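Novice: Here the protein sequences come in this chain order: A and B. Position one of the first sequence corresponds to residue 1 (our numbering), numbered consecutively onward. Position one of the second sequence corresponds to residue 1 (our numbering), numbered consecutively onward.
One thing to keep in mind: the hints can contain errors.
From the structure, some residues in chain A lie toward chain B, with a derived Cβ separation under 8 Å [claimed, not checked]:
| hint | residue |
| --- | --- |
| 1 | 35 |
| 2 | 60 |
| 3 | 175 |
| 4 | 179 |
Beyond 12 Å from chain B on every Cβ pair, some chain A residues (computed) [said to hold, decoys possible]:
| hint | residue |
| --- | --- |
| 5 | 33 |
| 6 | 41 |
| 7 | 147 |
| 8 | 176 |
| 9 | 190 |
| 10 | 192 |
| 11 | 198 |
Sample of chain B residues lacking proximity to chain A, with all beta carbon distances greater than 12 Å (derived) [as the list claims (entries may be wrong)]:
| hint | residue |
| --- | --- |
| 12 | 70 |
| 13 | 83 |
| 14 | 87 |
| 15 | 157 |
| 16 | 193 |
| 17 | 207 |
| 18 | 226 |
| 19 | 257 |
| 20 | 341 |
| 21 | 364 |
| 22 | 367 |
| 23 | 419 |
| 24 | 433 |
Calculated directly from the structure, the hints in this document are not laboratory data. As the structure is a prediction and not an experimental result, all values here were calculated from the model. Note that CB positions come from ideal geometry on N, CA and C, so glycine has one too.
Single-letter residue listing:
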Amino acid sequence: MRGLIGLTGRVRHWYGAHPLHLLALLAVFALAGYALRAVVAAGQWRGFAVWFVVAIVAHDLLLFPLYSLADLSLRRLLPARAGGEHSRLTAAAGAAGRADTAGPAGTAGAAPPPSGPPVINYVRVPAAFALLLLLVWFPLILGLSAGTYHRASGLTAEPYLGRWLAVTGVLFLASAAAYAVALRRASARARARKTTVLAGRGR
Amino acid sequence: MTGKRGPGRRDAGGHDELPPARPRAVGTLGAAGRATFLILLAGATAVLAAIGAARRGRALRRRAAGLLERAAGQLSRMTARLSPGALASRLLSHPPPGPFRPSTWRSPLRGLWLTSVLGLVLLGGLTVMAVTGLLSYASYNPRLPGNDETPGGHLLKFYLFSWPTDPAWLYRVNQGIHVTLGLALLPVVLTKLWSVLPKLFSWPPAASAAQALERLSLVMIVGGVLFEFATGILNIQNFYVFPFSFYTAHLYGAWVFIAGFVTHVILKYPHMRAGLRSRSLRRELRTPLSATRPEALDPVGLRAAAPAAPTISRRGLLAAVAGGSLTLAALVAGQSIGGWTRRTALFAPRGLSAAQPGELPVNRTAATIGLTDADVGPAYRLVLVGSRQVSLTRAQVAALPQQSAVLPIACVEGWSVAATWSGVRLTDLARLAGVNHPGGALVESIERKGSFRTADLSAAQVNDPRSMLALRVNDADLPRDHGYPARTVIPAAPGVHNTKWVNKITFTEQA
Chain A
1 MRGLIGLTGR VRHWYGAHPL HLLALLAVFA LAGYALRAVV AAGQWRGFAV
51 WFVVAIVAHD LLLFPLYSLA DLSLRRLLPA RAGGEHSRLT AAAGAAGRAD
101 TAGPAGTAGA APPPSGPPVI NYVRVPAAFA LLLLLVWFPL ILGLSAGTYH
151 RASGLTAEPY LGRWLAVTGV LFLASAAAYA VALRRASARA RARKTTVLAG
201 RGR
Chain B
1 MTGKRGPGRR DAGGHDELPP ARPRAVGTLG AAGRATFLIL LAGATAVLAA
51 IGAARRGRAL RRRAAGLLER AAGQLSRMTA RLSPGALASR LLSHPPPGPF
101 RPSTWRSPLR GLWLTSVLGL VLLGGLTVMA VTGLLSYASY NPRLPGNDET
151 PGGHLLKFYL FSWPTDPAWL YRVNQGIHVT LGLALLPVVL TKLWSVLPKL
201 FSWPPAASAA QALERLSLVM IVGGVLFEFA TGILNIQNFY VFPFSFYTAH
251 LYGAWVFIAG FVTHVILKYP HMRAGLRSRS LRRELRTPLS ATRPEALDPV
301 GLRAAAPAAP TISRRGLLAA VAGGSLTLAA LVAGQSIGGW TRRTALFAPR
351 GLSAAQPGEL PVNRTAATIG LTDADVGPAY RLVLVGSRQV SLTRAQVAAL
401 PQQSAVLPIA CVEGWSVAAT WSGVRLTDLA RLAGVNHPGG ALVESIERKG
451 SFRTADLSAA QVNDPRSMLA LRVNDADLPR DHGYPARTVI PAAPGVHNTK
501 WVNKITFTEQ A
């Protein structure tokens, strides 16, 4: 028993985790290896491997940086939050000793505070939905698979671009309507607050 | 009716969908893949480095003067430390610029709780995907030699049961769930990957052998999930750009993914449980943007070291993800549900586009297989083989006792449609061929090439009283695209096993 604990300790020392961790990982590597052997047996390993790696690279090093950059640009362009809210948080961040990391938010603090609810999420949510639909259905929307699609189904891929544009339009329209409602509510709240303050002064 | 297409083993000689220059395409893709990988890696690192550098620009300028002073001193000390070991340890303890620096990652929403919630959704959702996927594989009765598309699979193609014919909607529901749920999970997968992406660039790359091995295992789950989603999404749109058979690659890719998934769940389950307990979902759903604060620091290191001010609440992000999932599912589900809902499936390949009155979706047209008038004219014969051989004209088949049944045609691609089929019971045809207790049948089509031009039917499938060689659908002769002069309709079988343009059936006596 003591010998076993000693062995566990030694494995922990050079491996960096419990021996079971190593066994679990080796087991699944064996399973994955077995699946890869089947791919080799099917004579399709090169295409398979390329697509496997390209899928990771395309997401982690292309899609992710692209949508991050788009979101960052949007945040620079559009006020993220109402002024009062924003300066309070910046102050809180400063108090926590993170003033130098506040970055773009810190510089935006100098601009006049925007009124009403922040518009940014009313832009990026419909944009994200529209791009998501495009990401999934681009072969039909852009007609890239129009030929094989027609041969398979007897149907044409022509309507998909129009449908995507229409859905995108509806998404932005709905978002604009939601923003209008939010603006009205915010101004109603502001008016109510003003009235309360005035009433308080009158007393 | 075909779903799975591609240069599989059986159709290596010629294929109706894919361009013939496959091997060359693989070669160029290989080289292009390597080049693209390097370019993307360099480009993405540069972009992320630029973002990080721009953010730190001001602070850097302030510190530049001080740094210059210190640099001189550092230089003299560094020359003393130029031994390879010292250099390596210095490199490992000082992350390179850009995404490798924790300060690049600023989102205040990343954290163990958020990742755990998304992980829990995927734990359930991807498990359903794996189960429905493996069931879909089993539905092809791959044990029967004529149906085996993956002869090299050995242990990966275990068969626990012969695919049942009852309930008739079994395959329809299975595929509808597999495809619709898969699409609905895409936003969750993307958000989950976003929430853990900083870990891809964690520095040093591995602190121990255990960590190195664990990170390597992530290739299986991340690569696996992206590979499965990409091939599935492209296949349902007939976009056959992949240089492999969809059927084979989607199955083996699933096994690589399952291997990674199981490890990941075992290794990360304690973290997920701790994460889920760290905050209350109910309270999160009541917290607006103004009260949204970063999560507590966690041992996994998912929360940003220096989070920026939030621009969306945690509930806002979760609502957006759920909304994205619902949008994707709602605009496609109608192709599986049918009826009036087909009109709501704007993006489904057999949704609104296939909703014209009288329209029955298909997955292989008569024109595609090169069906000629001669094939279906007076010269057409149905050959039945058993203990004796019989050759029948279509009129002779139509003169046999007919039956009707409402049965769905369901495609592996997720769409399905129910129709009233009428024709001759398969057991009646078997008896004509002198087989009184059929144990199976091989159904062949006029199609000269391509996957699934034949189907091996099991005893259960041949003997189900609803299984028939249909001549009519919805009270009219079969349209050519639906298999005129005759097609088989088998309850609960995948679409491609409802063979169209049937000209030969070989029955075997039960052993």
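Novice: Next, verify each hint and record whether it holds.
Specialist: Going through the hints against the structure:
no. : hint : verdict
1   : 35   : holds (4 Å)
2   : 60   : holds (6 Å)
3   : 175  : violated (11 Å)
4   : 179  : violated (14 Å)
5   : 33   : violated (9 Å)
6   : 41   : violated (3 Å)
7   : 147  : violated (9 Å)
8   : 176  : holds (16 Å)
9   : 190  : holds (15 Å)
10  : 192  : holds (17 Å)
11  : 198  : holds (24 Å)
12  : 70   : holds (19 Å)
13  : 83   : holds (23 Å)
14  : 87   : holds (23 Å)
15  : 157  : violated (9 Å)
16  : 193  : violated (7 Å)
17  : 207  : violated (7 Å)
18  : 226  : violated (4 Å)
19  : 257  : violated (9 Å)
20  : 341  : holds (16 Å)
21  : 364  : violated (6 Å)
22  : 367  : violated (7 Å)
23  : 419  : holds (16 Å)
24  : 433  : holds (33 Å)
Violation of the numbered hints given earlier is confined to hints 3, 4, 5, 6, 7, 15, 16, 17, 18, 19, 21 and 22; the remaining hints are satisfied by the structure.
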